[in-house]
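Student: Sequence:
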Amino acid sequence: MVTIQSSSNYANRAIDVTLILCAAFTLLVFVLLLDAYEYVAVPGASHARNKLHTNIEDVTGMEIMTREEHDALKQEIEEAKRLVEKKHAELQKIMRNAEKEEVKLSAATELEKDAVQADEAREVETSSSSSSSTAETPTTSERSIDTHQSTKDEETKQVEENEEIIEAILEEELGIKNFCDELVGKTELLFVSTMSSNVLALDDSDTDEGGDNGRVEVMVIRSADGTKSTFSIPLSSTTLNNLKDTINKDPNLGPLNREQQRIFHLGRELKTGKRSLQSLGIGKFNVFSVHLHSLRPKTYELGDDDDDSDGEVEVSGGGEKRQSSGGGGGGRRRDQQQQQDNKVVELLDSDSDDDDVVEVVEATDSKRRKRN
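Heads up: the sequence shown at position 130 corresponds to 130 in the UniProt record's numbering, and the numbers run straight through without jumps.
These are calculated hints, taken from the structure and not from any lab test.
Hints should not be assumed to be uniformly reliable.
Said to hold, decoys possible - Taking lysine-lysine and the BS3-like style, the derived pairs with C-alpha atoms no more than 30 Å apart in a straight line are:
# : residue 1 : residue 2
1 : K271      : K284
2 : K87       : K100
3 : K86       : K113
4 : K100      : K86
Please build the complete structure, drawing on both the sequences and the hints.
Tutor: Right, here's the structure in full:
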């Protein structure tokens, strides 16, 4: 019984210690949070506060401002508000001055209009009363018209001057003039730089195309034997088919029709015949040479034979050594060898695109007798 009671007391005591430790830890965390947000100041907790600030900023992605930074930001906002209010008051004052000037101008224009109307009425009365001075009336009317026109011109000029003064005051107060000058300067500079770059690009393109009317020297190299020919042609207006026709007419490379030509440039075959040479890439990287691979079949020169038939080549066998070294059956072997090898190979040229035709023609009896 005593043992059970002592163990229960120990368990209760352990639970109490755990609760006290948890409460102390919670209080410590709460105090550190308050110190982190600078509601309270804990001595010696600056390192923990900075570390906690860093952890919170990493988790939330927001920067925590200190109290000094917060106060400085508030002060800047207050100063900005005061400046805005001051500018607003100045603008209101300028607008009131402008309204006063406008009222004065309108009153002056009305007075001038009344004076002009009075002068016109007076002139009309004088012209109607004095019928004897009819010759002098046109001069007075002209003078009145001139004075009226001059007064109108002066009024419009005065109004324009006043408007310019008001605009200058507004621009100076609001800082619009400097902004407009900077904007216009930047726009002019951008325009000049753009135009200069375009002109330089056009000059570069002209120099790249080369010569008058864009003609350049294009070198064609035949890959079979290294034969070279140079043609002066414009790249922009000359197509691949035109180049092939030019090669066909060249005495060094031709005659060679289009189907028998394969053109290569920088390791790439040019196949589209209707495209210009410039669009196919000739002249890029300042390379103006192409390689020609000819598909024309090779020509053979056939020698003359003693027989009457032309174009026939006799193919003889290579069994003479065996015949000379043979025994008594050498004559029989020679006859059999001649019968087998005494054949004629005839080469026929064809104008079509087919390959060369080789025809084997058996020898006639008369020719066989002649050889025997």
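Student: Please go over all the hints and tell whether each is borne out by the structure.
Tutor: Results for each hint:
no.: 1; hint: K271 x K284; in the structure: 17 Å, holds
no.: 2; hint: K87 x K100; in the structure: 20 Å, holds
no.: 3; hint: K86 x K113; in the structure: 41 Å, violated
no.: 4; hint: K100 x K86; in the structure: 21 Å, holds
In the structure shown, a violation is registered for the earlier hint numbered 3 alone.
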